[in-house]
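Protein chains in written order, with the numbering used here: chain W, 78 to 260; chain Z, 9 to 212; chain D, -11 to 220.
Calculated from the structure, these hints are not laboratory results.
Note that the structure is a prediction, hence the values are computed from the model and not measured.
Any given hint could turn out to be false.
[Unchecked claim] If you anchor each label on the Cβ, the simulated ranges turn out as follows:
(1) Z:Ala168 / D:Ala15: 44 to 50 Å
(2) W:Ile194 / D:Asp102: 52 to 58 Å
(3) Z:Ile34 / W:Pro105: 32 to 38 Å
(4) D:Glu41 / W:Gly210: 47 to 53 Å
Just so you know, even glycine gets a beta-carbon here, dropped at the ideal spot from N, CA and C.
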Amino acid sequence: MQTKENDLVMIALFAALVAVLGLLPAIPMPWGIPVTAQSLGVMLAGAVLGAKRGGLSMLLFIGLVALGLPLLAGGRGGLGVFVSPTAGFVVGFPVAAFVTGVVMQNLRIDAMVASGIASLIGGIVVLYVMGIGGFWMLTDKGLMASITIMATYIPGDLVKVVLTAIVVGALVKARPQSLLSRQ
Amino acid sequence: MLALTSDIHTPLHNWRAGVKLGLLSIAIVTLYLLKSPVLLAGAAGLTALLYRSFGAKFAAQGLRMLKPLRFFLGFILLWQVILGDAATGFAIVLRLATAVSLANLVTLSTRLDDLIDLVIWLASPARFIGLSPKPLALSIALVVRFVPVLLERANHMADAFRARSTKRPTFYIILPLIVSVLEDADHVALALRARGGLDGAFNP
Amino acid sequence: MIQIQSLSCQYGDKTVLDTITLELTQARVGIVGRNGSGKSTLARAFSGLIRPEQGRILINGIDVLNDRKSSLSAVGILFQNPDHQIIFPTVEEEISFGLRQLGHSKADASTKTDETLANFGKSDWAKRPVSTLSQGQRHLVCLMSVLAMAPSVIILDEPFSGLDIPTTRALQKRLNQLDQTLIHITHDPAMIADYDRVLWIEGGKIIADGAPETVLPEYLRVMEADDAGAHL
Ligand SMILES: Nc1ncnc2c1ncn2[C@@H]1O[C@H](COP(=O)(O)OP(=O)(O)OP(=O)(O)O)[C@@H](O)[C@H]1O
Ligand SMILES: [Mg+2]
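Only chain W is shown next, with the shape it has when bound in the complex:
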């Protein structure tokens, strides 16, 4: 019984959820941006809402960051984010969620396994390609520098892939109707 109001509210509430996941206690990193559960939220948006809704939800999220809400991990926000070296990651959120959703919708295997693969592709491969690409553009090819810094975030993101699969597996049992990517 999915109405258009349901879609709208799911999109908005996942954007809010991603903000909150970025504000929960985190593991600080020397480069200023802590390891938070925020990118877990991006993976979940795609894996749970599916490509279109997940992508729109993250587009809404980064739109609000641009409007000046401090919703990014570590309380960052504002237009400055979009011209700083990590801009590619932030801009990559909707793309990552979208790709995660596409994989999730087309990989017709067990939802838990599918969500792991989907978030690995969307939430890590796509997000890092965009993140590193952004860094490269904004810092005049400081490519190696960027890869060195960003590599330190990969272990944390692998943990999030596993978490995404666990959450999706639990949702299949507890609230299958909410797994819109599989409706």
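Given chain W, work out where chains Z and D with the ligands should sit, using these hints.
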């Protein structure tokens, strides 16, 4: 909910949001066209003066927003120096710091409502192709409303967890938090629909 | 007039409402039934909030499911749980949202909101964050937002749960004075003893339908005889 808009009133607060955004875009494109570290240092100096002219407290606020960048910038500079191209290193660091500061200046001096109005206004031409800015306005309102609610709920859950465990709660509260969000979504969608939802007359 | 044509609702494969056909013309209709019998689901279907598996609901000729715009002035619903009804952070925003949805201008909606609050002697609540109100007070906020929109049919899903005796009395008096059609779901037969018609719903079907004097005594008898076998 707390936006990043500064309480310290500056003349920029009175400018139209659209004007500020237009000027910002021009400034950023210019910064990327400049390659000389000397000119970029000049631009950085002017930006610093601009901040300072709005008072020491405002300048401090601006500096605080740059803080998360300091390691990145330091690292890039170091990298370029090792590569033997210090000039490029300084150029990159100055350009990034200036661009981010100018963008933050718009954020600090513009009210959230004004920016939302601007976005809705920018989205309104879409009306002609049958898209309404209403879903956008409603979803922005919902996010702004739900971030504090979810944050408070997450903190309650974390407290309840800590009361019975010595482990770090973040990992354990994620699933219940998400389930609660999905339940909320059902209720809010119904409540929204009960008052016309997307078919109602309300228009931003 | 409310017409329900072979309405069926399911959650998953569980049938919650089973081919209900009804025509309600009375101004005061009560609905009783045990927990989980399908009352709230019927209320949601009545107001076009859920898409039934089968059937149609017309209120004064308006298809409430598909014609959401016209249904706003045809039917309003007071949810069983106020926290599920309130969307906005302050009382004022909550009440004026519905008015904006009806097409009132911002200024108009704001005036009407103030009037509604004043009507209930709660003008001081305007800027109050909803989270600082008690459960019963939130229920009242929900009722005020529904009444502000003045729909011709109002569905009340246990409107008095959580309200104290003076507030219940005051509200009951106010509800009785309304010109609108009321559909009132309750567990308390006394609340609807003087209504025009009472429906008793059980397992998703209407098992009794008639004047309160005929339906309620039998309902009470069964409920009291059944207390040993209550199943949730
Ligand atoms: N969202 C839902 N998902 C699945 N099942 C549901 C849902 N809502 C209600 N049900 C089930 O449908 C049945 C009818 O529920 P409903 O809320 O209509 O009962 P009710 O008569 O209002 O009960 P009460 O007197 O407790 O309010 C119940 O068995 C309930 O468990
Ligand atoms: Mg009920």
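Against the structure, the hints come out as follows:
In this structure the hint that alanine 168 (chain Z) and alanine 15 (chain D) lie 44 to 50 Å apart at CB holds, the actual value being about 48 Å. As the Cβ distance of isoleucine 194 (chain W) to aspartate 102 (chain D) is approximately 56 Å, the hint placing it in 52 to 58 Å holds. In this structure the supplied range 32 to 38 Å holds for isoleucine 34 (chain Z) paired with proline 105 (chain W), their Cβ-Cβ distance being about 37 Å. One distance hint, 47 to 53 Å for the beta-carbon pair glutamate 41 (chain D) and glycine 210 (chain W), holds here, with the actual separation near 49 Å.
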